Amino acid sequence: MTIMYAVIVLGILFVLLMTWCFQRTRSHHAPEVGDTKTDIAFELPQLSHLNFSFLTRIGASIKTRTLGETPADQIRSGEAPRSIEPLSQRQRSIHARLAMFSPGIIRRTTARRDCDKAPVGMPDGSESTARQLQRDEHFRRALELLPFAVLTTNRHGQIVLANAATSKLFGYAQRELIGNRADVFVPVLQTHFDAALPAGIAAARPVQTAGSARDVFARRKDGTEFPAEITANPLSSEADSDTLMVIVDRTDQYELLRNRQELTHLTRVSTLGELAGSLAHELNQPLTAILSNAQAAQRFLAAQPVNLAEVREILHDLVEDNRRASEVLRKIRALVKKGELEAAALSLASVVRDVALLVHSDAIVRGIRMYLKIAPELPFVYGDRVQLEQVILNLLLNAFEAMESRTAPDRAVTIEATLAGAGMIRVAVRDRGLGLAPDKLDRVFKPFVTSKREGLGLGLSITRSIVERHGGRIWAENNEDQGAVFYFTLPTGAAAERTRSRQQA
Amino acid sequence: MNEPIPMVFVVDDDDRVRRALTRLINSAGYRVEGLASASEFLALRPFADCPACLILDVALPDLNGLDLQRELNAMGASLPIVFITGHGDIAMTVRAMKEGATDFLTKPVEEADLLRAIETALLKSSQALASRIEIGSIQRRLARLTPREREVLTLILEGRLNKQVASELGIAEKTIKVHRARVMEKMETHSLVDLARLTDRAGSPLSPGKPAVR
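Quick note, the sequences are listed as chains A and B, same order.
Under the working numbering, the first residue of the first sequence carries the number 1, and numbering increases by one thereafter.
Under the working numbering, the first residue of the second sequence carries the number 1001, and numbering increases by one thereafter.
Where hints are given, some of them may not hold.
With a Cα cut of at most 25 Å, we get these calculated DMTMM-like pairs of lysine to aspartate or glutamate [claimed, not checked]: (1) A:Lys331 / B:Asp1013; (2) A:Lys331 / A:Asp252; (3) B:Lys1186 / B:Glu1134; (4) B:Lys1124 / B:Glu1033; (5) B:Lys1124 / B:Asp1015; (6) A:Lys373 / B:Asp1015; (7) B:Lys1174 / B:Glu1149; (8) A:Lys373 / B:Asp1062; (9) A:Lys168 / A:Glu274; (10) A:Lys373 / B:Asp1200; (11) A:Lys331 / B:Asp1015; (12) B:Lys1163 / B:Glu1188; (13) A:Lys338 / A:Glu320; (14) A:Lys446 / A:Asp410; (15) A:Lys446 / A:Asp252.
Treat the hints as calculated values from the structure; they're not laboratory data.
Keep in mind it's a predicted model, so treat the numbers as computed, not measured.
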């Protein structure tokens, strides 16, 4: 949301600024500007959709300097200082020439002012250039006023403009930022620039940040890193145009995400804790088979004549049982694992079967019959296997508990997985318990709502957030005769891809 | 009478565990039959006239092992049961033992424990079988008695003299002597003590006849 607001505010500011400048330009210099487009339409949230172009030009190439080197160092080394002064000194130094408006028209100017000097290089009596400068100034000023970090880079990835918020965010003075490659501060940009440059194609593809926003880190002057979300867009369609970047500090969201993952993991572990007895049983079975098989083999070998066929079969079974034990362990470990979300194409049927195996003996101990009704050849879904297992595990265990008061013949849980309309798989976990009070059907998904004596009331709310993060929906209904059914849907293959890219936009 | 080979039944829903257990028991020289569920076992009605025992997993999908035990008891099947379980608790064990289980083992089962438990259970089974055969034979003998002979038998076992029996039943003492000889003959015994033992073994054998009159 923060990003949306930021982009909206940015957009509105641009529009206002442009409209204002445009009117001025038009009243004074309409002929020069030509048939400027007046309808300014744009779509949020992508900056690149803004239907205007403005171009940043600098008079000469900016030499890269090493971090920490000040303009004074450069003066000593014979180079001209190239920094842009903060807003308070805006009258003195302008390096970047920002030409705005007029789609397709690129303004080039060599005008430049240097610090504490009279304007140099400005064509005498050029009123239009003066106004141009004034407009640039307005643009710069608008950038300065924005409450978040905005900077522009040239096609070499060097910073041309950086506003006050950028300076505050990174802990560098503005003058320290100018001229440095942006990837010094945001390492991930390096590949962005490197990939773009050799081909000479439009230098600024939007940087992939959203969705995997937590993987993008920016580095402050003091060396600390923070998660950032970066939107980079070319200022025009020109191949060597400058790039406008908006950098948003995502620390809070990152923390939130971390906490949510932590909580999800905790509930998963506590769910597994409830299952401990039955999981031990799942391991115990292969161990039992292994021990008895091995001891039987010893007896067969001691007998005369040795029944080699039998011994061979036993060895085969020993291997199989060992694999089975490892498989149980692998499943437990996967659920306990604390990891980043991994979205992959996976078969929901196999997810359901894996979980059913884990709770198999729990069901038997509780006297519950479990039925799987999985439609054949369901398409793949995209998601995190562990989290989807957690969803099914939660729903199954809830169903088990719902039937505690039922007599044995009634204790049955059915899991169905079917194709539900275009691009959706629907999973239903049906119990034959007492059902839910009508006012509870929605409320059960809220945090801290529980009917269990020892429940925290987080299971279903986390289940819901997992399903929704996967682009699905979860709801509960009462069966007509008896018990409740929990449904959830997940987008399949292509539909899931669409959801994902939408989330990343 | 040649000794029949004892039979061991294994009821466990886990195919692989069942296979391993039957294999092990087979390697120890028993006849063994594995079954996947309580209902499969009940359908088999395995109450043959040979020593047998049941290795029973507590957690079964259809009927819990303890319930199967109760059902077998209700049916009067004297089949010694050795329970095996992955997660037994004290309450479960107590209940099983109260219902007559011979042993309660936890998985994974040690060969020695299992074979010892089977041995005990089969011993119990063959004893039960022997006594069942004996009781059957006594009951068959008792069934041959006429109602009058049963009355006489009852009164004799109460320690009455022939004279007292005669007056009790209102018949001649000479007739009582004839009845008494018949009873001894039909029960295939020569002493009063043995007759008492036989009728005692058979439980309350005299109920079909008229209640003894005092």
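For which of the previously enumerated hints does the structure constitute a violation, in increasing order of number?
2, 5, 9, 10, 13 and 14
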